[in-house]
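Asker: Next come the chains, spelled out residue by residue.
Protein chains: 6
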Amino acid sequence: MVYLTRKEHFNAAHMLYNHEWSEEKNIEVFGKCANKNYHGHNYNLFVTVKGNPNPETGFVMNVKTLSTIIQKEVCDLLDHKNLSIDVPELKDKMNSTENLAIFIWNKIVPHLADCEMHCVELWETENIYVRYYGENN
Amino acid sequence: MVYLTRKEHFNAAHMLYNHEWSEEKNIEVFGKCANKNYHGHNYNLFVTVKGNPNPETGFVMNVKTLSTIIQKEVCDLLDHKNLSIDVPELKDKMNSTENLAIFIWNKIVPHLADCEMHCVELWETENIYVRYYGENN
Amino acid sequence: MVYLTRKEHFNAAHMLYNHEWSEEKNIEVFGKCANKNYHGHNYNLFVTVKGNPNPETGFVMNVKTLSTIIQKEVCDLLDHKNLSIDVPELKDKMNSTENLAIFIWNKIVPHLADCEMHCVELWETENIYVRYYGENN
Amino acid sequence: MVYLTRKEHFNAAHMLYNHEWSEEKNIEVFGKCANKNYHGHNYNLFVTVKGNPNPETGFVMNVKTLSTIIQKEVCDLLDHKNLSIDVPELKDKMNSTENLAIFIWNKIVPHLADCEMHCVELWETENIYVRYYGENN
Amino acid sequence: MVYLTRKEHFNAAHMLYNHEWSEEKNIEVFGKCANKNYHGHNYNLFVTVKGNPNPETGFVMNVKTLSTIIQKEVCDLLDHKNLSIDVPELKDKMNSTENLAIFIWNKIVPHLADCEMHCVELWETENIYVRYYGENN
Amino acid sequence: MVYLTRKEHFNAAHMLYNHEWSEEKNIEVFGKCANKNYHGHNYNLFVTVKGNPNPETGFVMNVKTLSTIIQKEVCDLLDHKNLSIDVPELKDKMNSTENLAIFIWNKIVPHLADCEMHCVELWETENIYVRYYGENN
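Residue numbers (my numbering), protein chains in the order written: chain A, 32 to 168; chain B, 32 to 168; chain C, 32 to 168; chain D, 32 to 168; chain E, 32 to 168; chain F, 32 to 168.
No lab work stands behind these hints: they were computed from the structure.
Hints may contain errors.
Pairs involving identical chains hold if they fit within one copy or between any two copies, as the list cannot separate such chains.
As the list claims (entries may be wrong) - Calculated cross-link-like contacts (lysine to any residue; reagent style SDA-like; alpha-carbon spacing at most 25 Å):
1. Lys67 / Arg162
2. Lys122 / Gly82
3. Lys138 / Glu55
4. Lys56 / Cys150
5. Lys67 / Trp52
6. Lys95 / Val140
7. Lys124 / Asp145
8. Lys103 / Ile116
9. Lys56 / Ser98
10. Lys63 / Asn85
11. Lys38 / Lys103
12. Lys67 / Tyr48
13. Lys67 / His149
14. Lys67 / Glu166
15. Lys67 / Val140
16. Lys124 / Glu51
17. Lys63 / Gly89
18. Lys138 / Asn57
19. Lys56 / Glu166
20. Lys56 / Phe77
21. Lys63 / Lys95
22. Lys122 / Glu59
23. Lys124 / Gly82
Everything numeric in this text was worked out from a predicted model, so none of it was measured.
Construct the complete structure from the given sequences, taking the supplied hints into account.
Answerer: Next comes the structure, spelled out in structure tokens:
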């Protein structure tokens, strides 16, 4: 069993705002992230799959195929977008890095064959990242 | 003469759109950056000053003072903001990384004493940065 | 279950010296780290917590709260300090990166609510780091 | 139980080519990596061991000893080499990053004492890495 | 005058060997780099151009155009290649990082319009890089 | 003319304290850096030389020779040392990063042959660095 990771990135705008709360509570909880005119990030995304290396190729999975899947299923959807306006599936969600990682996991899983999804690691800034392993607690 | 550099960062949303052009020309020139709903970046900012180290401190400038100036004059103004909406001085500008670097230079220069401004280096992504040295060509 | 990580850093001086050993044995085992006048490091610290994202915020934990806890409980105690002199709880310890990671774990755990501590990752240099997960072997 | 990681690096040339396949199939699967004249990489290698810190030293293992083992058993063998020609044990292998990680694991394990091998993490480029934990699936 | 930099990368194999010298002298001067079976690197390339931002776009140059020029003129030629075999213009050269930087400068310059070439910065490893500014000493 | 840079690193303890000042003034100016028990840093050092590539080697200078000079003249002197106690030439100096860069410049210059010293770049933390080019203002 070997774990293979591919890094991709995308840039996007978002805001964190719970519309069921007052303006005051939003600012108290989300601080500057509650700016209704949006702010943005360069997201760095690491997707990890696991499996046994194929004896004919030495590959858990062709990393170019993995890159293409991430590009098509995630980056084409999110890159240079406003997550809160341009992406229909994210419109009614709290687009925290946590929820975005789960969203990305679900986008990629159906496209894997011959190996298993292991982890989505998503960096929001150089100092903050989340990991999701598909675990239901 | 020694050159001292301090790194700070801010996150912001922007778009690149010339309102005197057609939609088609904007998309042709700015591509995904012309998204009218905005996208965003984690900007990394390196500000360099130069001077002779003070014999009593060994400092060209106290780096904490430099950090405070950048925070107050630049980051408080731009961080978690939409550059095209929230920052009055940037509203009618093409907010390219180039123009943003010049804007930052002009914000910091008036606050330096006893040493000279040398360079503003602004990273838009891990793969793109600009430098401005106050030169008029 | 999502894992959220926050990076902080601190600078400190320390030495590695076992006072029950001879000078020779200390130099044999700890090499340059046994310098009795101390040497120092820029420590990079990654603290990871885990939990289910709160449906109202999308957060496992507010990352600003996590940052504040690390700052108050760890960085205020260790930053710009001599670990072997200035920090009472570390005075009689072998302040290896391993033991420092366990120390940091114990400092943070009592301050978490609604999510669990998962990992302390501590980088001593760009080439050496340790991880502690609270495991007792 | 604490996990200790040491980073080393080596540069090497290789190619990915399955000699039981046609030229066409090699190019289809391995793309530019099938270049028969070889290409190369700067490999970054992170080796992780685990154990309880020794009460006399605070160390899971002396990190200098770990560094020496990696240098002797791995870097001396692979650095500035052509993996497909210069390293007898790799001559008949598909030298994917996956297989190289397993190879490195097997080279280091026999030289550890008093602590256990935990992980080999091998970066082929800034965007691709694999991890091997000694697991047999 | 603003300076705009774009990062690209390529992987390649090479060797350093002066065929007018004895084997002994080659090993004495080039050490492990004289391996006749080649070794390789992940090269990181930063290309900097300079000019006045265009008032209509805010750009010194469209960074996508710059990226395309580097890809076509440099990366397509060198990526996943053996510099000493696959690239006709490099066959009789000493392919040091210094000479490679000059080679890259000359490949890009003819394709720039409306702005000037300023610098080629080429990283051979994380610890070694060269810069060329087109200066003739 | 090509510029060649080599990165090395060293760890050291220091303090910033002007003994002609009161305790109060030291704390006002140097803040946490005035801790009399010392604190420490992982210093990253980039040394740049310039010259014409030698036609027989393609080298401005053999980078291994440059590395050896930096190791012997700088790292052996400063690594794992307390700059304020262990290094005689630094005892009566304000050991700011600025002055340390000038000190390192002067240590290396006498050992260069066939090429010129260009720059010492010294990183104190990930966010602060200085450059010295031998300029007298």
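Asker: If a hint holds in the structure, say so; if it does not, say that too.
Answerer: Hint by hint, here is what the structure shows:
no., hint, verdict
1, Lys67 / Arg162, "neither (27 Å within a copy, 31 Å between copies)"
2, Lys122 / Gly82, "between (35 Å within a copy, 24 Å between copies)"
3, Lys138 / Glu55, "neither (34 Å within a copy, 31 Å between copies)"
4, Lys56 / Cys150, "neither (33 Å within a copy, 31 Å between copies)"
5, Lys67 / Trp52, "within (14 Å within a copy, 27 Å between copies)"
6, Lys95 / Val140, "within (16 Å within a copy, 31 Å between copies)"
7, Lys124 / Asp145, "between (32 Å within a copy, 21 Å between copies)"
8, Lys103 / Ile116, "within (20 Å within a copy, 31 Å between copies)"
9, Lys56 / Ser98, "between (40 Å within a copy, 20 Å between copies)"
10, Lys63 / Asn85, "between (48 Å within a copy, 19 Å between copies)"
11, Lys38 / Lys103, "both (14 Å within a copy, 23 Å between copies)"
12, Lys67 / Tyr48, "both (8 Å within a copy, 20 Å between copies)"
13, Lys67 / His149, "neither (35 Å within a copy, 33 Å between copies)"
14, Lys67 / Glu166, "neither (32 Å within a copy, 37 Å between copies)"
15, Lys67 / Val140, "neither (33 Å within a copy, 31 Å between copies)"
16, Lys124 / Glu51, "within (12 Å within a copy, 35 Å between copies)"
17, Lys63 / Gly89, "between (47 Å within a copy, 16 Å between copies)"
18, Lys138 / Asn57, "neither (29 Å within a copy, 30 Å between copies)"
19, Lys56 / Glu166, "neither (30 Å within a copy, 38 Å between copies)"
20, Lys56 / Phe77, "neither (33 Å within a copy, 29 Å between copies)"
21, Lys63 / Lys95, "between (38 Å within a copy, 11 Å between copies)"
22, Lys122 / Glu59, "within (22 Å within a copy, 28 Å between copies)"
23, Lys124 / Gly82, "between (33 Å within a copy, 18 Å between copies)"
In this structure, the hints that do not hold are numbers 1, 3, 4, 13, 14, 15, 18, 19, 20, in rising order.
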